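Protein chains: 2
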Amino acid sequence: MTGNMLIAQSGGPSMVINQSLVGAVLAAKASNKIVEIYGALHGIQGIFDEDFIDLRAEPEEVLLKVAQTPSSALGSVRRKPTSDDCRALFAVLAKRNIRYFFYIGGNDSAETANIIAQEAEAQGYDLRCFHIPKTIDNDLLCNDHTPGYGSAARFVACAVRGDDLDNRALGGVKIDVIMGRNAGFLTAAAALARQDPDDGPHLVYVPERPFTLERFVSDVGECLAKYKRCVVAVSEGIRGEDGRAIAESFSNEVDAHGNVQLTSGALGENLAAVIREKLKVKRVRADTFGFIQRCFVGVASEVDAREARLVGSAAVQAAVGGKYRSGTITMTRLPGASYQIDYSVAPLSAVAKHTRELPDCYINSEGNNVTGLFLDYARPIVGPLPVTARFNQLRGRR
Amino acid sequence: MTGNMLIAQSGGPSMVINQSLVGAVLAAKASNKIVEIYGALHGIQGIFDEDFIDLRAEPEEVLLKVAQTPSSALGSVRRKPTSDDCRALFAVLAKRNIRYFFYIGGNDSAETANIIAQEAEAQGYDLRCFHIPKTIDNDLLCNDHTPGYGSAARFVACAVRGDDLDNRALGGVKIDVIMGRNAGFLTAAAALARQDPDDGPHLVYVPERPFTLERFVSDVGECLAKYKRCVVAVSEGIRGEDGRAIAESFSNEVDAHGNVQLTSGALGENLAAVIREKLKVKRVRADTFGFIQRCFVGVASEVDAREARLVGSAAVQAAVGGKYRSGTITMTRLPGASYQIDYSVAPLSAVAKHTRELPDCYINSEGNNVTGLFLDYARPIVGPLPVTARFNQLRGRR
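In order, the protein sequence lines correspond to chains A and B. Numbered by the working numbering, the letters in the first sequence go through residues 24 to 421 in order. Numbered by the working numbering, the letters in the second sequence go through residues 24 to 421 in order.
Worth flagging that the hints you see were computed from the coordinates, not collected in a lab. This structure is a prediction, so every number in the text was calculated from the model and none was measured. C-beta atoms are modelled at their ideal positions from N, C-alpha and C, and glycine is treated no differently. Hints are not guaranteed to be accurate.
So these bits of chain B aren't anywhere near chain A, every CB distance computed over 10 Å [unchecked claim]:
#1 A96
#2 S241
#3 D242
#4 T394
Under the rule of at most 35 Å between Cα atoms (straight-line distance), these lysine-lysine pairs were calculated in the DSBU-like manner [unchecked claim]:
#5 A/K103 - B/K249
#6 A/K305 - B/K118
#7 A/K103 - A/K56
#8 A/K103 - A/K52
#9 B/K52 - B/K118
#10 B/K251 - A/K303
#11 A/K118 - B/K249
#12 B/K88 - A/K305
#13 A/K52 - B/K251
#14 A/K251 - A/K305
#15 B/K303 - A/K103
#16 A/K103 - B/K301
#17 A/K305 - A/K118
#18 A/K251 - B/K88
#19 A/K376 - A/K52
#20 B/K303 - A/K376
#21 B/K251 - A/K376
#22 B/K88 - B/K103
#23 A/K251 - B/K376
#24 A/K249 - B/K103
#25 A/K346 - A/K56
#26 B/K118 - B/K103
#27 A/K118 - B/K305
Chain A with its partners taken away, still in its complex shape (with noise of 0.2 Å):
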């Protein structure tokens, strides 16, 4: 089927959400099916505000530094289209025959696809729809991980790998609050921050164990009498033992008092006050990444920007192949001892609405540490971190 191409990208951005974006533009630009290659802003926003641009237009200069640009170049939403939402798609679609369609982002966006796909059959509009998988917490299903986590959790061990120096020099105790609601991988990259075996971070917490302050004091008490100072890495998700948040148990607390709006920063201070309290520690602090985790200009990771633009040109390809009349591009790790991955297509359903976990094996039985095995998984996605050095006699040195 010959027509026109419309791209959007959707969700929370990513360092290289563009990547994939020009990956399919290229792809579309050397397929022989593919007229007009159209940018919607915003998401499908765009598609209902016919607010578009032409991509054929932009140079290929321009194309390649938007790849290595973080965030969405194109604009994101957050927004999930009814029966009669897209029935007004169709219509623009229609208008301008389109029939490729790429949606670029998380779970919710595979399901904003899913919805389009299966409205687009049910109301006859002929249309190949795509989800280009993007995600910083690596919670797609289907996938050994997926574009966007990479540079994340690379920005996230450049971070810690510093922070853990400086607590070095400073001691105490650091708490550093990391992004994940429900999925812990990008706290678990922390880890890739060690070289020696006294460094931090020496405590990790991801969402899928249940989390006691009086546990955490605890941890943190053996680690001070182990190293005289402990560097914590904990997802802003981390949950109680009935399942409910641990930020939000504090948020709740003042906002009981007051009209003192806390978000996720309260969560490491609060645990910093904890610890100030319970094990008389004077030098306590916390740092919450925050929103630059998914956005820091210079820090992506190489490979993760590879695979970004490999998945891009893979939905195209899929699309135009024939074989498919709607997916998800997935990547799926080969065995064998060098890292290589294979990019196919799964079903949208297979990716949409649900989330994955950090898998038991990736964390120690404790339940506040990764294992050597989540090392091993994550090393090459996130590839080698700056050098850094300490002097050889303080190798070892408590």
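Add chain B to chain A, keeping to what the hints say.
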């Protein structure tokens, strides 16, 4: 005078403080006046404890790797010596025939070096005593800028560049809280993120100008009217018209209600709450960049790293040169079109204790942004940022 040398690091770490350490060690190895080269651990604390390492014993390869490693490789301390302390200190120095002492740090460390130099004179201990400047705040007198600033400024610029792109994608108001209790240099560096006229940060608030919530709300409102979004860079140290820190006022408010400990995270959260309430903006987010501003691995400015190395070696050269018994190395920018720095020696008292602020000519008349003069000042210190770009068709579009 021939003798042994001792070097130590003090105050908050930076990304390039080890460049200065290694610059000094390499210069000392090249001098025939210096025999042993000791490093004291955790600043002057390591002298009291006689906790030294032998820096001549470290292989050149390790020295060069340590040089590019953030944070203070010898550990740090915040401690000001008394006359009695100095007596104990000189006893240790005499025992090892240490005649050259170098202390790397900010204005407090210069003050410590000054006390030690004066007490050495008074107590008759023959010592060459030099301060090697370091501060991410850039607040030392007598210097165009100080090593450490350029790299922290680069972190801030890269973070805000990415954050501004992120804000373009999802809209709303974003507030970034940046280090700097008294001087706005680091917050000002956020402006280096801009490429296009509508790029953020749209507003920049520094401690040098009084901050009022009314004015802040009106500034953000104007920006939203103009750009439909707003990115704000704000110093953690902004003060009200009464000179009281805004962060402190928020903290106290909460402390009075309960035991929730709030550090700088509260400033951003509370400013966000004010905008949410007064301007009815739905999406308002705040991040506090925290300690990773000074220790992130892999973003050091090349110019800053080079200058930090040179400052370390200049201190040793000044000390063995015989002309000065004590002093600090100062960096002066030479007039002319090309960026060039002259390194010279000033008395310790010239930089000790005192701090400088962002000059008036770097702040706009409204007190909510920096001037082009500031950008010209900071650009060569920070170096070019990684390439990022937007689609041609979207540039200039609101």
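Hints, one by one, checked against the model:
Listed as outside the interface, B/A96 is inconsistent with that label: its C-beta sits roughly 6 Å from the nearest C-beta of chain A, within the 10 Å cut-off. The Cβ of B/S241 sits about 20 Å from the closest Cβ of chain A, beyond the 10 Å cut-off, so the non-interface label holds. Non-interface status of B/D242 relative to chain A is upheld: no Cβ of that chain comes within 10 Å, the nearest being about 20 Å off. In this structure B/T394 is separated from chain A by more than 10 Å, as the shortest Cβ-Cβ distance comes to about 24 Å.
Between the alpha carbons of A/K103 and B/K249 the distance comes to roughly 29 Å, so the proposed pair stays at or under 35 Å and holds. Taking the CA atoms of A/K305 and B/K118, the gap is about 34 Å. The hint holds against a cut of 35 Å. For the given pair, A/K103 sits about 29 Å from A/K56 by alpha-carbon distance, which is consistent with the 35 Å threshold. Note on A/K103 and A/K52: the hinted pairing holds, with a Cα-Cα distance of about 29 Å set against a maximum of 35 Å.
Restraint check for B/K52 and B/K118: satisfied, since their Cα atoms lie roughly 21 Å apart, inside the 35 Å limit. Between B/K251 and A/K303, the direct Cα distance comes to roughly 47 Å. Violation of the 35 Å bound is thereby established for this hinted pair. Proximity of A/K118 to B/K249 is assessed by CA-CA distance (about 33 Å); at most 35 Å being required, the pair is judged to hold. About 32 Å separates the Cα atoms of B/K88 and A/K305, which keeps this hinted pair within 35 Å; it holds.
Our distance criterion of 35 Å between C-alpha atoms is met by A/K52 and B/K251, whose separation comes to about 33 Å. For the proposed pair A/K251 and A/K305, the alpha carbon gap of about 12 Å is at most 35 Å, so the pair holds. For the hint pairing B/K303 with A/K103, the CA-to-CA distance comes to about 24 Å; that is within 35 Å, so the pair holds. For the hint linking A/K103 to B/K301, the alpha-carbon distance of about 29 Å falls within 35 Å, and the restraint holds.
Restraint check: the Cα-Cα separation between A/K305 and A/K118 comes to about 67 Å, which exceeds 35 Å; the hinted pair is violated. Note on A/K251 and B/K88: the hinted pairing holds, with a Cα-Cα distance of about 25 Å set against a maximum of 35 Å. Among the hinted pairs, A/K376 with A/K52 is consistent with the structure: their alpha-carbon atoms are about 31 Å apart, no more than 35 Å. Taken as a hint, the B/K303 and A/K376 pair is honoured in the structure, with Cα atoms around 31 Å apart against an allowance of 35 Å.
With a C-alpha separation of about 31 Å, the suggested pairing of B/K251 with A/K376 holds against the 35 Å cut-off. Between B/K88 and B/K103 the CA atoms are separated by roughly 30 Å; this keeps the pair inside 35 Å, and the hint holds. A distance of roughly 31 Å separates the Cα atoms of A/K251 and B/K376; the hinted pair therefore holds under the 35 Å criterion. As the CA atoms of A/K249 and B/K103 are separated by approximately 29 Å, the hinted pair is consistent with the 35 Å bound.
For the given pair, A/K346 sits about 14 Å from A/K56 by alpha-carbon distance, which is consistent with the 35 Å threshold. Restraint check for B/K118 and B/K103: the C-alpha separation of about 22 Å stays at or below 35 Å, so the hint holds. Among the hinted pairs, A/K118 with B/K305 is consistent with the structure: their alpha-carbon atoms are about 34 Å apart, no more than 35 Å.
Checked against the numbered hints given earlier, this structure breaks hints 1, 10, 17; the rest are met.
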